[in-house]
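Protein chains: 2
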Amino acid sequence: MKIEELPRSDAVLAVDVMGADGGVETVIEGCVRARAAGLRAHLKLYGREDEVRTVLEGRDLTGCTVEHAEDVVTMDDKPTRAVRHGKNSSMWAAIGAVKAGKAGGVVSSGNTGALMAMSVLQLRMIEGVDRPAITATWPTVKGQTVVLDVGANVEASAEQLVQFAIMGEAYYAALKGKERPTVGLLNVGEEEAKGHALIREAARILREADPDMDFRGFVEGDDISGGEVDVVVTDGFTGNIALKAAEGTARMIGGWMRQALMTDMRSKAGAFLLGPALQHLKSRMNPSSANGAPLLGLGGLVVKSHGGADADGVASALQIAEDLAVHPFQEQIRSTIAEVNARLAAKDDAANEAAE
Amino acid sequence: MKIEELPRSDAVLAVDVMGADGGVETVIEGCVRARAAGLRAHLKLYGREDEVRTVLEGRDLTGCTVEHAEDVVTMDDKPTRAVRHGKNSSMWAAIGAVKAGKAGGVVSSGNTGALMAMSVLQLRMIEGVDRPAITATWPTVKGQTVVLDVGANVEASAEQLVQFAIMGEAYYAALKGKERPTVGLLNVGEEEAKGHALIREAARILREADPDMDFRGFVEGDDISGGEVDVVVTDGFTGNIALKAAEGTARMIGGWMRQALMTDMRSKAGAFLLGPALQHLKSRMNPSSANGAPLLGLGGLVVKSHGGADADGVASALQIAEDLAVHPFQEQIRSTIAEVNARLAAKDDAANEAAE
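Sequence order for the protein chains is A and B.
Read left to right, the first sequence gives residues 1 to 356 (our numbering).
Read left to right, the second sequence gives residues 1 to 356 (our numbering).
So here's chain A without its partners, still in its complex pose:
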């Protein structure tokens, strides 16, 4: 793409190149790889111009512009502080591009709490959505499952869980092109009577208010990697702990496997023969391939790339952002939330009238 061609804003991505664990280098190398793999969006790179230009030198990254921002939000910055003092940061400026209609989405590898706080402030929430939710794309025996919330909110009301379900459903449909994704609520048992009152209330509201959803009721912790449903809904406390418990287990088993393959000459020979099969196994266990998760519920597209992601991970996040930027899923969330809230309000009115 030539710089002169003015791209449509939804074909522009604002990239916060600062704040990743691997530095500017990792993010820009991710941009290069995404481009090589077919990414078409114009990229606006937000960061310290001199650093960015140095890294760009010698790299073949067409269709990008550099937007200077003096400050950097660090991983240690408190979200409140970042919002108060971070107006000159690359993160704030990149989100601002989406607000101003100059980009269809923003991708950042920086501090999640700060990204969320700055996004809420600049992009606002979709009407009827209380708080954003962070999604995780979880590998399963059948493919991938989207889990949300995995850490944006430590608590969630029944109504918020319902909002998460609606947002997760629309996101999964956009991500996978599946028309009616299946949705489950994470619980300690599948029976109706299990779990908190709050989670049972969420199930009740969902059944009443969104009859179009393919809601499968409760699912358990092992149903996530079992791929029982496409979308798993939970509060950010439980979701974050479940996700990290699973990641920790995968890491532990990966370590054990490496040990097993290096035990002695015999096992090393076996590992050599297994080479290609192990390579495939390794790629299945590689978190990079699923990196990039939108913060759902905001008035614009914000995609979080894992701070520790490598260049391939960043490339994955950019591709997801491009796919989502041209997809009407934000609009779908907006309309479904409005419909559901209207239906719930009508029911409330009817109940009030009956009571009078």
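No lab work stands behind these hints, which were simulated from the structure alone.
Careful, some of the hints might be misleading.
As the list claims (entries may be wrong) - Result set (SDA-like, lysine to any residue): computed pairs, CA atoms no more than 20 Å apart in a straight line: (1) A:K194 - B:N153; (2) A:K78 - B:R200; (3) B:K78 - A:H196; (4) A:K282 - B:T263; (5) B:K347 - B:D212; (6) B:K176 - B:V141.
All of these numbers come straight from a predicted model, not from anything done at the bench.
Given the structure of chain A, go ahead and fit chain B onto it with the hints provided.
Below, chain B alone, put in the same frame as chain A:
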């Protein structure tokens, strides 16, 4: 051991042989293997006498008596129903043996909810403990970590989390012979300000009320298999979901590994060479080796064996029960809880006096 030798009650285990997924056969085979591996306790086998005798025939199980019980609590029975109508069940009778001082502990593979309800009713709670907690022994890169609660209670107050910490500490010390196990509270971050108000309150109380405990503050989901602390404390909702999410992940990776080893002739040859190393890996990933978890906080020792455990798993649960039955850890829980409650009450009094 000859049947004639009257064993001390703490050297007697009451075994509910009904209710396991694998039937009476699995439980009794588990008893045989435990005995072969060095279990010394006298075993009272509770169940339908004719069934038990049939399975015992031809098996070499010394030092056991059969105690007839007509009824069986099934996996589908609601705890309330089991308690109301299950007085003739093997589960009720086996717990009764502990209550009557005829056994030092009970081992059951049956319905967890029913086991808990029946145990609370017959054995009561340790004074100062509100509700029992179910423990899980979680494999880690460093060994094993005890996690509790993993499902007895869907909610837990700050005070209950403190009780779980005290019980888990005493249990870990008994299980591993470590004098001052490290204890952590499961949270979404390690910083003081992270998580629910409730969990921060629990951390505060623990620091104040049990200064002897080696309390390490908050730990995250991946710190469990990372082996960051010996005892991880959480509510039963979060603990159950984290445990099952991790189990599901391990199962998924195990399946992928089996596929990788069977891809083609080359990988099969590699798998053959890797044989012994893989055997070791498999045993590390085998849940049987850690089967058997006490319900903590009760007025007597109740060990739950996983319903789906194989004979080796049952044998593991029996050995854990024997080890715990002769250990004064129940007494330690009782005294620490009493001390901590006295200290908290004194602080309350002082605060009230200051306020007056």
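Worksheet entry | Hints breached by this structure | Violated: none.
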